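From first to last, the protein sequence lines are chains A and B.
Numbered by this note's numbering, the letters in the first sequence go through residues 1 to 218 in order.
Numbered by this note's numbering, the letters in the second sequence go through residues 219 to 509 in order.
It is worth saying that the hints were derived from the structure and are not from the lab.
Please read all numbers here as calculations on a predicted model, not as lab measurements.
Among these hints, one or two may not hold up.
As the list claims (entries may be wrong) - Here are the computed lysine-lysine pairs in the DSS-like style, where the Cα-Cα straight-line distance is at most 25 Å: (1) A:100 with A:51; (2) B:322 with B:274; (3) A:154 with B:439; (4) A:154 with B:480; (5) A:99 with A:75; (6) A:211 with A:14.
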Amino acid sequence: MGVTILTPYPLQNKSGAEAIEELSKRLLALGATQAGQFLVDGDIFEHSFKKIKIHVMHNSEYPASVFSILDNGQKQIPLITDLIFDLLMLKVNPIYSSKKMIKIESKGPRFELGDFLVKLGSVTMSQNQNFKGILIEVDYRPCLVPAFCWDLIKEFLQGLLGQQAPTAIPGYFTNTLPSNNPNQHYHRFNDTYQPIDTVQQYLEHFNNYRKQSQAPTI
Amino acid sequence: MENQINSAINAIKLLRSSVSNVFETTLSAQNNSIQDESSFLLELQDQLSTVDVNFKSIESTINALNVPSGPFTLGNTAVLNHEADPDRQGVYTDLVNSYNWYEKTHLYSALANTMLSQNSLKRSFYTSSNKRRRPTVPVNPAQLVDHMINSINTNNMTIKVYRPFGTPTSAFLHVNLSRVMKAAIILRGLVIELVTVKGFNEPLDSVDDHWIESRYAVFRKIQDHAHCAMLHFYSPTFAELATRSFITWLASYSNIFSEPCKRCQRFLLNNLPPTYRDFRSLEPLHEECRH
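Only chain B is shown next, with the shape it has when bound in the complex (with noise of 0.2 Å):
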């Protein structure tokens, strides 16, 4: 029936523009005098043809079209009919539009649903038994941290413990990257918070610094992709090898700008060099290149 009603508003659509055809080409001959008589009557006729064909479709639509049996069950909205107020009138398409809306949000949170479902990627840890439903916390987690910190030994990377609320849950590591970048590692005990990266000519002091975006675009890409990388890498259970592993993927970003992408052996593509490094093997890709 829809589909019905669509062609049907299609074929009118078609016929009234070969209709503004015609005349478009009459006014035109009447402002040029001097236009070839013959000529113009030819192109006259093929539009009046189409104008007839379109006609005939729009006839032969409406006829397959079936009367409605009986009258529309609208609901509600059928009294809108009996609105007299004239500045009520226009509700009505209003009233379509947030159906549609409604129903679009509908699909795509049970598609998001399916998707989220597939993907755990629940960054709090329960256990089944009822005694233990918290999170886990170590017990010390500052010496934890600090020890951590100093077992790690990558070349070209100077790490730094601050702890500016003074709670020992949480820390600030501030890792500079060879002279390439910096980046700010929030924990709260092993477990990774936010990460924020910038250019090494960046401030990173102010504890408000990490939530600003770097002003380079690609340490906003590379912060992205470490965001991806804290949710990779993320295990509750394993808490101190899931950061250490971050970190030493975080390190492999002291090339980034002197080593080609693996895949098309180039350095710029789309004016940002190889943002990406495999989680894996730490090779250097473009965002466009790893797949």
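This is chain A alone, in the form it adopts within the complex (with noise of 0.2 Å):
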């Protein structure tokens, strides 16, 4: 485990699996080697009468565990919890219902190159499987902190997309958050990186996919 980067892939008039396609030619000829499919899902239940949403999120990268958010439109708890805590969900169902049309899923091929381990997936929403977009993990194994190599991740990135490699940090990263001391600005890039912080770059990505498909909901 070590830090990663998720970024959106523009199509630029190319179909999904076209854009897919060319990206994994692109690796091989880098020299990247395939290693199996990802697969990374969420679904959201929600309360019966509250403004409480629960995420609740897998990656095939840690398939022991359930990442959950509870999200009450100011903050968010993340919890890491046993494969058990999706049988608790069910038992709760009266109280938080699941909302099939909006579960969303980025699954696709796995590539090793170097230390480096590159995801491309595609994002589909809802049992109809509706194609939403690309999203590009990277995830730069040896390093613990963002702060130490996100320059390095960058320049990997621009080696493999060009034009449309990310220049500016992720904004998971930079958002200041509540901290004891109000005149320190306290965000994420110096901390040292947790499998939970890619579930929530995740969730936000998907949640941008979804505000794109349908009003925001409630």
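Take the two lone chains, each set in its own frame, and fit them into one complex as the hints suggest.
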């Protein structure tokens, strides 16, 4: 586990499958080896009368864990549990009900290139598999602090994506967080990276895709 | 003599390939009955003339060969001719192969000997006098090591001393460099014996972990460079200074992911960050950029 940067890839009049194929070819030409498939999915459970949502997410990189994020509109509280949490959510079904229409997932091939791990995910939503876009995940495994290796990952992304590579640090890392000392700005950029950070980046992008397709829920 | 035989063998090979070309053309012409007859004839004539040329060159090379003056002196191997057992007929080729192999070993060891005598990397120190001919192990190494560690004061770096085998002469130094990497330095007296470099999230607690390589290519590369540095800084007379310089050199890796290569100004080359640090200036460089 290392620092992971998630970035959307603009399609430019190509179909999703074409773009994935082109990127795969590019990676293989750079000397990468394909190492299986991956899947990240996100589900939303809504409270029946309060404005509380629980995002329940799975990541195939951590197959024995369930990541859940409680969102009450102002604050997000993450929780990492064992797989049995899924069954617990079924038990509380009358109060928290799942919205099948906005279940979203990102899946695709997974490549290893030196110490880098690159995942090309095509994002699909709801049960009829509406294609939404492409999310590229780059994981630099030896490094644990985003601030140390952001420039290095940026250079790697430029080598892979060219013009489409991101130039700014993803907002997830630069957003100021509440801290004990009000004078000190605190954000995740200098923190040690945790698996939940990957999942929260996915959640941010999934929410963007959900907003594109429908009016904001509730 | 050998050259002549070689060129004769090559000429025979050429002739064989040109003859097989002729057969191939006739065969394909037979299969394609619609093929233009005149072009086929032209092609065949062309190839036959090459065969002719090759044949003549063989004749000339064979004429140039000298008849060997006497029987070859093959030593005991000549007796192999009299071997009747078909199982042992193949021995001759094996014999030639092993002879060649020995020749090469001899050649390479001679080369290695000259190389090693130019670069002296002796790890043990002996004085010329007969009385003092024993390795220099300090009087009370445990105190010296503790004193040295306490006096090293580098940012971003914590050093802990372990003595897992209870002996005062050997100590394990566990170095944590910022939140970037871990290293273990095994000391004998004040002399570095072994260096292991690992990622910050890799285990280095049990004694066995010191002999397991890191799972990341970056740290495996750094470990290789650390071994070079260990030999570079090695000095039996100033052991403390040598170890201290090595630790200072190792501390320069705290910016391994955040500092681009001084020469090419880029972070990545062959998917690795600049894994080399200059021994004097401590500048970050890619392994390929350092010359």
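**Item:** 25 Å limit on alpha-carbon distance, applied to hinted pair residue 322 (chain B) and residue 274 (chain B)
**Value:** Not satisfied, since the Cα-Cα distance of roughly 38 Å exceeds 25 Å.
Practice task
Measure nothing beyond the straight line between the CA atoms of residue 211 (chain A) and residue 14 (chain A); if it is 25 Å or shorter, mark the hint as holding.
Solution key: 22 Å, holds
Holds or violated: residue 99 (chain A) to residue 75 (chain A), with C-alpha atoms at most 25 Å apart | 21 Å, holds
Taking only the CA atoms, is the gap from residue 100 (chain A) to residue 51 (chain A) under or equal to 25 Å? 18 Å, holds
For the pair supplied as a hint, residue 154 (chain A) and residue 439 (chain B), confirm whether the alpha-carbon distance does not exceed 25 Å.
22 Å, holds
- request: Starting from residue 154 (chain A), check that the Cα of residue 480 (chain B) is at most 25 Å away, please.
  value: 18 Å, holds
Of the hints listed earlier, the one the structure fails to meet is number 2.
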